Amino acid sequence: MNIEEQLQILSRQTYPKQVDVVDAVMAQVRQKPYLMPVTETRTKSGRTTLWRTVALTAIAAVAALVVINVGAFRSYDVEGIGSMIASVSDYDYYSSVESAANPIEYLYDEETVETIE
Amino acid sequence: MEDKEIVQKILAGDTEQYAEIVKRYQQIVANLTYKLCGTRLEIEEVTQQVFVELYMALPRFRFDSKLSSFIYRITVNTVCKMLGKSKRYVSTDEYETRPDEPSSDRNAEQEIIHREQLEQLRTAIGHLKDEQRTALVLYTFEDFSYQQIAEVMGCTLAKVESLIFRAKKNLAKEVKQ
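If you read the sequences in order, they're chains A and B. My numbering runs 95 ahead of the 1-based position in the first sequence. My numbering runs 370 ahead of the 1-based position in the second sequence.
The set of hints was computed from the structure by calculation and includes no laboratory data. What you are looking at is a predicted structure, and each value in this text was computed from that prediction instead of being measured. All clues given are correct.
Below 25 Å or equal to it, Euclidean Cα-Cα: the simulated SDA-like pairs (lysine to any residue) are:
1. Lys538(B) <-> Gln101(A)
2. Lys543(B) <-> Glu99(A)
3. Lys499(B) <-> Arg536(B)
4. Lys539(B) <-> Gln518(B)
5. Lys543(B) <-> Ile104(A)
6. Lys127(A) <-> Gln378(B)
7. Lys546(B) <-> Gln101(A)
8. Lys393(B) <-> Pro111(A)
9. Lys374(B) <-> Ala427(B)
10. Lys436(B) <-> Val117(A)
11. Lys112(A) <-> Glu412(B)
12. Lys393(B) <-> Ala122(A)
13. Lys379(B) <-> Pro429(B)
14. Lys499(B) <-> Ile98(A)
15. Lys379(B) <-> Asp118(A)
16. Lys112(A) <-> His484(B)
17. Lys538(B) <-> Glu100(A)
18. Lys546(B) <-> Leu102(A)
19. Lys374(B) <-> Arg430(B)
20. Lys374(B) <-> Gln387(B)
21. Lys543(B) <-> Leu491(B)
22. Lys127(A) <-> Ala389(B)
23. Lys499(B) <-> Gln103(A)
24. Lys538(B) <-> Glu99(A)
25. Lys436(B) <-> Val114(A)
26. Lys112(A) <-> Glu489(B)
27. Lys127(A) <-> Ala382(B)
28. Lys543(B) <-> Asn97(A)
29. Lys543(B) <-> Leu102(A)
30. Lys374(B) <-> Glu390(B)
31. Lys393(B) <-> Glu415(B)
32. Lys538(B) <-> Met96(A)
33. Lys127(A) <-> Pro429(B)
34. Lys529(B) <-> Glu99(A)
35. Lys127(A) <-> Gln387(B)
36. Lys436(B) <-> Asp115(A)
37. Lys379(B) <-> Val124(A)
Now the in silico label distances, taken between C-beta atoms and shown as ranges:
38. Gln126(A) <-> Cys450(B): 23 to 31 Å
39. Val161(A) <-> Lys451(B): 34 to 42 Å
40. Arg432(B) <-> Gln126(A): 20 to 28 Å
Glycine is no exception: its CB is placed at the ideal position from the N, C-alpha and C atoms.
Based on the sequences and whatever the hints tell you, model everything.
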């Protein structure tokens, strides 16, 4: 007997007992608060209502502005400080080499090596 | 009185009408629960919980679909939730052995093998993932169409198709072992 046939047999089996939970359920239901019908937020055609669209658009716009501003601040900060450090150190190093009487000797001079290190 | 009419009365404040809904659907819910989880959970306890959940969900019921579909969805969700909470592991012994259609063609030995096969299959169903088991049970045991299952489970037709395919494949694999 294959799986399909066995499933068919199982499908004919139902819960063997007759259940009666009416009283138990009603006892719990009576303790629950009064049910308020949910306000319809979608139109019959499935489109969201106007106020919801406007609210979502406003939230999205604010979120986008925050992200752009944070991004701009971060890039300014990092690049600004980074390039400043790079330019100062490059300037010091290259200006020393250029101003030396013999740049090759200067570069291989032990003192210079120590200083650079 | 039709289901929708009763629901409208309940939502208008006549909560006692809810007893009629429970009477109409309690056996259907119990049967579906039994097929979904065997005797791993107390069927009556789950049935009761389903109707409490259904009552609280009634304000969300959209009158353009059948109440029965809504009840199936709540049943499936409640069973999955309760199965998740109870960490019990399914074993063959926990399923009640019920005599199914006695066949005159089978002798005693064949009958035992037949029962064992069914028990093995039941255990294998219990081992399936929640989503696969739900789709399989609704399709095979409740004769739901793919469309109806997709509505109950809140997923696409393609996913339903794939869940049933994988469920059958896993069953076949486990039963063969």
